[in-house]
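As they're listed, the protein sequences go chains A and B. Residue numbering for the first sequence follows the numbering used here, starting at 1 and increasing by one per position. Residue numbering for the second sequence follows the numbering used here, starting at 242 and increasing by one per position.
If you're looking for bench data, these hints aren't it; they were derived computationally from the structure. One or more hints might be untrue.
[As the list claims (entries may be wrong)] Residues of chain A placed beyond 12 Å of chain B at every Cβ, according to the derived structure:
hint, residue
1, Tyr14
2, Ala77
3, Ala150
4, His222
5, Glu226
6, Ala233
[Unchecked claim] The calculated label-pair distances, taken between Cβ atoms and stated as ranges, are:
hint, chain 1, residue 1, chain 2, residue 2, range
7, A, Thr17, B, Gly341, 34 to 40 Å
8, B, Val336, A, Gly170, 55 to 61 Å
9, A, Phe169, B, Ser505, 51 to 57 Å
10, B, Val336, A, Ala38, 40 to 46 Å
11, B, Phe306, A, His21, 56 to 62 Å
12, A, Arg134, B, Val509, 40 to 46 Å
13, A, Thr17, B, Pro519, 37 to 43 Å
We put the CB at the ideal spot given by N, CA and C, even for glycine.
The chain contents come next:
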Amino acid sequence: MTSILQTRGLRASYGSTKVLHGIDIEVPEGSVVALLGANGAGKTTTLRALCQMMVRTEGSIELGGQRIDGRSTEQIAKAGVGHVPDGRGTFLGLTTEENLRLGAYARTGRNGRDGVDADMARVYDYFPRLFERRAQQAGTLSGGEQQMLAIGRALMGRPRLLLLDEPSFGLAPLIVKSIFEIMRRINQEERVSILLVEQNARLALQLADTAYLLETGRVVLHGPSEDIRRNDAVRKAYLGE
Amino acid sequence: MEAFLHQLLAGLATGGIYASVALALVMIYQSTHHINFAQGEMAMFSTFIAWSLMQAGLPYWAAFFATIVLSFVLAAVVEFTVIRPMHDKPALSVVVVFIGLLVIFHSMAGWLFGYTIKQFPSPFPSDAWFATRMMSAHELGAIGITLVVLVLLFAFFRFTPLGLAMRAAAQNAASSRLVGINVGRMLMLGWGLAGAIGAVAGMMVAPVVFLDPNMMTGVLLYAFAGALIGGIDSPLGAVLGGFIVGVLENLIGTYVVGTEIKLSVALVLIIGVLIVRPNGLMGRKLVTRV
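Just chain B, same shape as in the assembly (with noise of 0.2 Å):
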């Protein structure tokens, strides 16, 4: 029983940092339509940005927060320069640059950072007062730390003027346009906030999976059927959802099929969720009148 209710807590653990990717991939699922494959090679590529500043000798908080910052321009970069010339092309077009966008973060991090795996530490020491015999120190401090951003998030897209601007340009570009709305500006910022989230996953994951070009290979794979469990057009569904596979994922691997071939549960997850209930949990169809 005891190992039992370690495995669940250890599955909301790392729940936490799929909520986190999955929240990433609906913010701009939302806006534009398209999933950016790209979002976990990006995440991998904060990780390090946040690995060598500490390598250069800044405390982790410090470098905690400037490669959120970073990571923020560097998304909005990446938008300007590579998407938006996508804008009017073909859906399959814009998976062709994801791809690209995947290959390219892939390969920079190796050709810049090498791929020897590499130790990120954890900002929350072993025996800080929060660590329990269920859960480790690092466990519970990201989930606080996802829970902290999730919460920053909501009040940003719910109380501010900015914030449902955002979401009325991800909904209604023209209209958006006729109250004084700059689209492009929202999406760019829209990109950006996702590559913050994204950052952040990325140093909550490294300590527990080690920091490698392929860290994030199969947490975006967990965190796309945690968007679409809770629904791909839902941000409090994909943090639903990701915490839901990620407790799955545990458990399924430690009681049913083993660590080898547990990756294999989220694609069971998306095609699952596909078939019995397309729009997730808590991906609602839209009720108009006409």
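So here's chain A without its partners, still in its complex pose (with noise of 0.2 Å):
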């Protein structure tokens, strides 16, 4: 199985403060990987090295074999990364269906409007309550909507590769389930890999393939969902077995 997205040493810092110590990550084409870990862990950070995305980085990262560290934020997402950041990134001043998009500027760029239109109705296939809401400024949507519209917006620009931060923040938990089971979807359907960073462990692992617990910084443990559920420390830490 080929690799969609390979780090090798991935190091970042905030200014002075170094938060990633060197970690080497790999998503598998067309499968899901999930990072857990606690609060402070790593895991955001590691998003936006990724998207080089107000941190500096060391290291490489490659995308379906070709190096992007070092490239500005926008061409990465030019080149198939579809990053739903931490706090959803919402505009809010604009609508919904503006907000959808923009997402898809990231394909075809100021001018094309090719696709766009048949992009935007798959989006609201999976989000039906978006397109209830087309026309409403974004600003006024719930948590649930906007995380829905962030993903949206992320799917409009046809990712290789999926970032999702949290996408259980704040939410209710029958919302959450209903957002799980469209990225599954979406994973199965789109044929998109996806990276998942998320807080509750027992949903991640249901969804994902592979795992990795990352404690300051480091990779401290990683393989199959499978395993890292039956692990003791994971169960105790993070699953509260």
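Make one complex out of these two single chains by using the hints.
Right under this line is the structure:
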């Protein structure tokens, strides 16, 4: 199996504060990989490092065999990385539909419109609520709807790799459940590989094929989700069993 | 009554100029949260460029469009070389840079073109078919051109992917980068557009106030008042505010305070708006849920 994402010795720092101390992560093509860990372990920073967003990085990052470290955030988006950021990154003053159209910018740039309407129809198919709210100012959407919008926006760019930062954060359990079901569908139907950061280890391990456990900026454990779930330390610390 | 009507319509004509400059101010404010105090001087400088092109023998409309293009490039270069390095600096430092730009453009115009007052032609002959007893051809033509500029801009921001990307970059730079928008380039484009709009305003006001380096000083103040009245973050509000200020300035100047101190009308309006309705007429408080 070829890998869509491969990092080697990835380090990241905010100013002089080092957060990641050389991590190796691999996302096999078409799979879902979970990044687990406590607050401050470096999960969000890993996603930011992959997109060169707000952090300085060292080490290599390959997307589908091509080095993307050293490129700018917008170039990485154009290379096929869809990022659903921490805090959802909604364009609050624009409408739902405008938010989605912006998602296509990574693929079509400033001129193209081709396929945008069809992609949008597909996003509305996954998230009918967004269709109901399409003309509404995105700032007035509920937290769950904004999370759907963030995922939909990333999908509009037809990404090869989707980075999801805590999609369950602050949402009601039922909404979380439906969002995770849709992510599974997206992974299977769109053949999009997913790197998922999640506090809720139980949910994440259900969706993911493999998982990495981060502690203070290092990978301390990785393997198939089955094995991680059975690991005693993980069960105590992250699954509460 | 007829005199009153005449003053009202003349106010609309100058109001159109204020509306354009106010719009240029708002465009830069929206994306950077700074007021470009040099906007008026840049517009004046653009008008001198147009004047030089016409002195060199270009026909009016050729000079008109060439000036728009040159002003766009000039403003974009100013953004790239002077403003961009300031993007993470404190607001007051940026204000000082703007004032520096104001002085530079003012002095450069005086040095290159001289301080003597020059005639600037209107593209609308005074015997044009649409000239009326109430409004001169130039006044009507200036309003017409202002409206064309506004409609074009509105359509650009509302209906094109690039316009949408510019609005996005102004709102949320981090998310914009994540969807592949080069935010720096959008800011540069915004400055370019503001410079081009200012150039049109300068060329429309110059036949009325005559061309010299001090031409835009008052205009900028009125435009600022207009932008505040309309709401400093609302393009439509800025336009509306510009027209309102134009009419008020003319009526109050004619009937209440006289022309000598009518510039203070702008200051009174600015203070009044800030006290009574700081968001302006159309400036919206962003509705958000957390």
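Checked hints:
1. Under the 12 Å C-beta cut-off, the non-interface status given to A/Tyr14 relative to chain B holds; the minimum distance is some 14 Å.
2. A cut-off of 12 Å between C-beta atoms contradicts the statement that A/Ala77 is not in contact with chain B; the least separation is 4 Å.
3. Distance to chain B contradicts A/Ala150 as a non-interface residue, since its nearest Cβ pair spans about 9 Å, not more than 12 Å.
4. The Cβ of A/His222 lies farther than 12 Å from every Cβ of chain B, with a closest approach of about 26 Å, so its non-interface assignment holds.
5. With a least CB separation of 33 Å from chain B, A/Glu226 remains clear of the 12 Å interface cut-off, as annotated.
6. Chain B leaves A/Ala233 outside its interface by the beta-carbon criterion, the shortest separation being 34 Å against a cut-off of 12 Å.
7. The supplied range of 34 to 40 Å is met by A/Thr17 and B/Gly341, whose beta-carbon atoms lie about 35 Å from each other.
8. About 39 Å separates the C-beta atoms of B/Val336 and A/Gly170, a value inconsistent with the hinted range of 55 to 61 Å.
9. Between A/Phe169 and B/Ser505 the C-beta distance comes to about 54 Å, which sits within the given range of 51 to 57 Å.
10. Taking 40 to 46 Å as the suggested C-beta distance range, the pair B/Val336 and A/Ala38 conforms, at roughly 44 Å.
11. Checking the proposed 56 to 62 Å range against B/Phe306 and A/His21 shows it holds: the Cβ atoms sit about 58 Å from each other.
12. For the pair A/Arg134 and B/Val509, the beta carbons lie near 44 Å from each other, so the given range of 40 to 46 Å is met.
13. Checked against the hint of 37 to 43 Å, the pair A/Thr17 and B/Pro519 passes, with Cβ atoms roughly 39 Å apart.
Figure legend: structure checked against the earlier numbered hints; hints not met, in rising order: 2, 3 and 8.
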